Amino acid sequence: VEFNALWYNALKFAEEVAVATNKEVLATKYEEKALKVQQSFIETFLNDAGYLYDYVDGTYADRNVRPNMIFAVSVDYSPLDRRQKKSVVDFVTKELLTPVGMRSLSPKGYNYHPRYTGTGEEKEYAYFNGCAFPWLIGAYIEAYLKVFSMSGLSLADRVMIELEDQMQNDCIGTLSEFYDSSPPFYAHGGYSFAMSVSETLRAKRLIKSFG
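Quick note: the sequence shown uses the working numbering, first residue 1, plus one each step.
The set of hints was computed from the structure by calculation and includes no laboratory data. There may be inaccurate statements among the hints.
What the hints assert, rightly or not - Straight-line Cα separation of at most 25 Å, BS3-like style, residue types lysine-lysine; simulated pairs:
1) Lys-36 <-> Lys-94
2) Lys-33 <-> Lys-23
3) Lys-146 <-> Lys-208
4) Lys-146 <-> Lys-204
5) Lys-23 <-> Lys-108
6) Lys-86 <-> Lys-208
7) Lys-108 <-> Lys-85
As the list claims (entries may be wrong) - Simulated restraints on C-beta separations:
8) Asn-111 <-> Asp-90: 21 to 27 Å
9) Thr-174 <-> Thr-117: 34 to 40 Å
10) Ser-198 <-> Val-19: 28 to 34 Å
11) Asn-111 <-> Val-19: 21 to 27 Å
12) Asn-22 <-> Gln-168: 52 to 58 Å
13) Asp-81 <-> Asn-111: 39 to 45 Å
14) Asp-170 <-> Asn-22: 19 to 25 Å
15) Phe-148 <-> Ala-194: 25 to 31 Å
16) Met-150 <-> Thr-28: 33 to 39 Å
17) Ser-198 <-> Ser-40: 28 to 34 Å
18) Val-56 <-> Asn-169: 37 to 43 Å
Just so you know, these numbers come straight off a predicted model, no measurement behind them. Positions of the beta carbon are idealized from the N, C-alpha and C atoms, including for glycine.
Based on the sequences and whatever the hints tell you, model everything.
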């Protein structure tokens with residue numbers, strides 16, 4: 001789902017550049033392609049529950065609630081309308097948000113594993129099916145503020161405070177690569193992980209821009 005959202009975003013950006021450089025034929029070409037992608041995106045990924053399938057393979061659609069769908073809202077050019085974007089953000093907030101980042105799978109998902117324990121194979125499974133990732137907070141905050149604007153600042157501030165509290169544990173003053181998504185939220189992977197730190201800082205900058 002995220003690749004298709006990024007493809008739509010790229011087409012709309014290319015259209016904008018073509019318009020700005022007075023290339024009308026090229027702009028029309030990108031506009032038409034983007035419209036087709038948008039229509040196909042809605043038909044393929046948006047389900048009756050109001051969130052997005054994680055992936056579609058032929059006739060099979062993965063109904064698990066995963067964080068990849070948030071990129072369809074956080075991009076500058078979203079294929080979704082405002083009502084659809086709000087519905088996606090609400091699902092992600094309710095099922096994936098934790099004090100240490102976004103879960104890789106909803107607790108309602110099949111074979112959800114919130115803790116990074118067990119054999120190497122079990123740990124790898126948990127990594128993709130339950131552990132929480134701080135770096136996803138950047139896209140989440142961006143999407144949340146695009147939907148709720150100023151009224152979303154209170155939740156955004158709370159999310160950042162919870163992440164700052166986590167900096168008192170494990171690697172003091174910074175964030176790890178990923179965490180168990182249930183208390184006590186043990187840290188795992190790389191310490192002071194660049195993606196976790198940079199996306200958290202980006203989220204803080206986004207919040208400040210609304211202040």
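A quick look at each hint next to the structure:
1. Lys-36 <-> Lys-94: violated, 31 Å
2. Lys-33 <-> Lys-23: Within the cut-off at roughly 16 Å; holds.
3. Lys-146 <-> Lys-208: holds, 14 Å
4. Lys-146 <-> Lys-204: holds, 15 Å
5. Lys-23 <-> Lys-108: violated, 49 Å
6. Lys-86 <-> Lys-208: Holds: Lys-86 and Lys-208 sit about 22 Å apart, inside 25 Å.
7. Lys-108 <-> Lys-85: holds, 21 Å
8. Asn-111 <-> Asp-90: 21 to 27 Å: holds, 24 Å
9. Thr-174 <-> Thr-117: 34 to 40 Å: violated, 23 Å
10. Ser-198 <-> Val-19: 28 to 34 Å: The hinted range 28 to 34 Å holds for Ser-198 and Val-19, with Cβ atoms some 31 Å apart.
11. Asn-111 <-> Val-19: 21 to 27 Å: violated, 48 Å
12. Asn-22 <-> Gln-168: 52 to 58 Å: holds, 55 Å
13. Asp-81 <-> Asn-111: 39 to 45 Å: For Asp-81 and Asn-111 the Cβ distance comes to about 33 Å; the hint is violated.
14. Asp-170 <-> Asn-22: 19 to 25 Å: Distance hint for Asp-170, Asn-22 is violated at roughly 54 Å.
15. Phe-148 <-> Ala-194: 25 to 31 Å: holds, 29 Å
16. Met-150 <-> Thr-28: 33 to 39 Å: Roughly 36 Å apart at Cβ, these two residues keep to the hinted range, so it holds.
17. Ser-198 <-> Ser-40: 28 to 34 Å: holds, 33 Å
18. Val-56 <-> Asn-169: 37 to 43 Å: Roughly 39 Å apart at Cβ, these two residues keep to the hinted range, so it holds.
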